[in-house]
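Peer 1: Sequence:
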Amino acid sequence: MKRKYLLAVITLALAAVGTVAAVGTVIAVGTAAGDPDQLSTARAATAGFHDVDAAVADGRGVLRDALGIACIDAPGIGGMGIHYVKGAIVGDGAIDVSTPEALVYEPQADGRLKLGAVEYVVFKADWDANHSSPPSLFGQTFNFTPSPNRYGLPPFYSLHAWIWEHNPSGMFAPWNPNVTCP
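In the numbering used here, the protein residues as written are 1 to 182.
Mixed in with the good hints, there may be bad ones.
[To be verified] Between beta-carbon pairs, the in silico distance windows are:
#1 A88 x S136: 32 to 38 Å
#2 S169 x S40: 18 to 24 Å
#3 P168 x A88: 31 to 37 Å
#4 G48 x S132: 21 to 27 Å
#5 S133 x R112: 37 to 43 Å
#6 H50 x A88: 20 to 26 Å
#7 A54 x S132: 21 to 27 Å
#8 D128 x D96: 16 to 22 Å
#9 H166 x R112: 17 to 23 Å
#10 N178 x A47: 20 to 26 Å
#11 A74 x A109: 18 to 24 Å
#12 H166 x A129: 35 to 41 Å
#13 L67 x D37: 37 to 43 Å
#14 D128 x A44: 17 to 23 Å
By construction, these hints were calculated from the structure, which means they are not laboratory data. Where is the CB? At the ideal position from N, CA and C, for every residue including glycine.
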């Protein structure tokens, strides 16, 4: 009887170790640091946009969803913030680490906007016309958003990179639990 009990305890302990190892692997993948050279390029290219007026001067405008909402969040999951998009490059079918299609700003309590992330966006049809697999940057494959979607856009690929604001969900997770919309 004692031997069966000991065997059961060892089996449970090994199962627990396996579970912890599996969870640790998932967490490590979700928080992957990305390609350091590409991250440096993205930071250098967007360092001048901490002031939202610089984004506007660069030809970027506020993206609103189909309901007219500018600050994008999902209660219980987190937020993205307000996207300042350069429309001319969204439809160009290309991805360039030094030219993100969107700069994502987090509303602050005092009304200011703080640059938190960049987002790379390409329409699926434009990308797929010249490529056999989804785009990737920073060692990360882009997310796919089908149509219909909350933005009223055709299907697209996108990747957020929280290069200016920590995201507990991971640098490349779309939703940041630290970001809220008023």
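Peer 1: Against each hint, give a clear statement of whether it holds in the structure.
Peer 2: Each hint tested on the structure:
no.: 1; hint: A88 x S136: 32 to 38 Å; result: violated (23 Å)
no.: 2; hint: S169 x S40: 18 to 24 Å; result: holds (22 Å)
no.: 3; hint: P168 x A88: 31 to 37 Å; result: holds (34 Å)
no.: 4; hint: G48 x S132: 21 to 27 Å; result: violated (35 Å)
no.: 5; hint: S133 x R112: 37 to 43 Å; result: holds (40 Å)
no.: 6; hint: H50 x A88: 20 to 26 Å; result: holds (22 Å)
no.: 7; hint: A54 x S132: 21 to 27 Å; result: violated (37 Å)
no.: 8; hint: D128 x D96: 16 to 22 Å; result: holds (18 Å)
no.: 9; hint: H166 x R112: 17 to 23 Å; result: holds (18 Å)
no.: 10; hint: N178 x A47: 20 to 26 Å; result: holds (21 Å)
no.: 11; hint: A74 x A109: 18 to 24 Å; result: holds (20 Å)
no.: 12; hint: H166 x A129: 35 to 41 Å; result: holds (37 Å)
no.: 13; hint: L67 x D37: 37 to 43 Å; result: holds (39 Å)
no.: 14; hint: D128 x A44: 17 to 23 Å; result: violated (30 Å)
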